[in-house]
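Protein chains in written order, with the working numbering: chain A, 203 to 393; chain B, 1008 to 1319.
Be careful, since some hints might not be right.
Said to hold, decoys possible - Once the Cα atoms are required to be at most 30 Å apart in a straight line, the calculated BS3-like pairs of lysine-lysine come out as:
(1) A/Lys345 <-> B/Lys1119
(2) A/Lys345 <-> B/Lys1235
(3) B/Lys1281 <-> B/Lys1235
What the hints assert, rightly or not - Here are some, though not all, of the chain A residues that point toward chain B, as calculated from beta-carbon distances under 7 Å:
(4) Trp211
(5) Met213
(6) Asp215
(7) Leu217
(8) Trp231
(9) Glu234
(10) Ala235
(11) Gln242
(12) Phe263
(13) Gln266
(14) Met332
(15) Lys334
(16) Val358
(17) Met362
(18) Arg363
(19) Ala368
Hint data in this document are derived by calculation from the structure and do not stem from the laboratory. Note that the Cβ used here is the ideal one computed from N, Cα and C, for glycine as well.
Below, each chain spelled out in residue letters.
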Amino acid sequence: MAEQPIDQWFMRDVLPLEPMLTRFLRRNWRIEAEIGDLRQDVYARVYEAAQRERPILVKPFLFQVARNLIIDRLRRQSVVSLESVADFEWLNVSDDKPSSEAYVAARQELRLLQVALDELPPRCRQVVLMRKVEGLSQKEVAKRMGIAIETVENQVAKGMRLLAQALGDRRGSVTSEARRYNFFKRPRDVR
Amino acid sequence: MSAEKTEETAAAWMAREDRGLTSEEQDALDLWLEQSSLNKVAYLRLKATWHRADRLAALKSMRPPPPERRVWLPRMVFAVAASLLLIAGGVIWLRPHQPPEQVYATTVGGLKEVRLVDGTRMELNTNTRVHANVTATGRTVTLDSGEAYFDVVHDARRPFTVYAGNRRITDLGTKFSVFRDGDDVRVTVREGRVRVDILKNTALDTPLVAEQGHQVITKGGETLVLAKPEQDIANDLSWRSGMLVFNQQTLSEAADQFNRYNTRHIVVEGNARKIRIGGSFKADNVDVFVLLLHRGFGLSVNEQGDRIVVSH
């Protein structure tokens, strides 16, 4: 299936916000083990909504969805009283300037990737390195390392998951950006 | 299905795609992606990551290359083919049919690798023209314009000489790069040694030998030799993998570099010229570069035909 424009949009405009989204979810959801589920739900909702209509301002939209999802879950769990939730003006963000961390400079990007690469387990790292740095095909990697092509494929799968996790989980330098979206701490605005 | 499980399946698909899908597999993948947006986003997330990791290729030029293997086979095949030809042709063509002078050129943004008949490898950077003369007695390459990297097969009986402007660069067993802009010549030595001398030489002129890690910069009759850290040499040669690497260069210098590779020229105006930047960029991707300038420094970017004007 050819890549559709919406897929490109999703990868280009939504996914780079992942570190910020992850921090937001962590701050507002206590159960660490569920963060991955929440994030995926947020993405799926954003993707589906965008199929109907592409949001003009991506970042506020993404966090709006995240907030709604959290509220839904809280409601289902009926853990917290939610009377006041509607009063939280926590998404009063009109600008859609890319955050400084969403678009990291090329050199910083390379460094981030390098750190993520270096943290991979040795064999996995070797496979990813040959595949991405040396530009060898999976077949060539298998031959060079003297391992089965299936093993290479498994290591590639493992490698991309770990890289995605490392890059999306970055505990960042730009925390103030995420703090603005912390709706449980945001002061009430007067309408 | 939990996010964990979905991600696992998505990763298996992406890894298979990275290896190359059969048409049946492609159909199965399409089906899986259609099943749920959860599948779709998990897949896109890994795909984006995997593409992002392509950037790691930039590390290649910074790493020492793997030991080079000598390629015997083509030579052997050539020798066998040549002897067969000799037999078949009744020893009529003793000299290989090879015009003495060969011209090689690239256009703006081009990058070309050429192997000369003696086995020497040349890489031509953007907007470059050379002519090469390889005979039984000597090997000369003249750099008419642009920049070229040489990985010379050493042959003491046939010196390898590059002419650039008023300079002559003679190989003493080495890999080096020569850049020429009129009479300004820059020689970067990656391995081994080269001798650089001035052509209209006076009696006093003594040839200069530059070694690994040296950069020789000439302007008219003046010559400057710099000993550079390995990393800087690697950065200067990053064009060989299509990259431009900057380390605290001014924006106006960076723009000059980009303009060598592209027909659309960046024009930096006012104080913005003095901004210092770092990073590695694809030489042919001006758009991303100016976008980063816009986002990173809040500079305004105006496209005017073939000019991209960048200013505060």
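Consistency of the hints with the structure:
no.	hint	result
1	A/Lys345 <-> B/Lys1119	holds (28 Å)
2	A/Lys345 <-> B/Lys1235	violated (38 Å)
3	B/Lys1281 <-> B/Lys1235	holds (24 Å)
4	Trp211	violated (10 Å)
5	Met213	holds (4 Å)
6	Asp215	violated (11 Å)
7	Leu217	holds (5 Å)
8	Trp231	violated (13 Å)
9	Glu234	violated (13 Å)
10	Ala235	violated (9 Å)
11	Gln242	holds (4 Å)
12	Phe263	violated (15 Å)
13	Gln266	violated (17 Å)
14	Met332	violated (11 Å)
15	Lys334	holds (4 Å)
16	Val358	holds (4 Å)
17	Met362	holds (5 Å)
18	Arg363	holds (5 Å)
19	Ala368	violated (9 Å)
Figure legend: structure checked against the earlier numbered hints; hints not met, in rising order: 2, 4, 6, 8, 9, 10, 12, 13, 14, 19.
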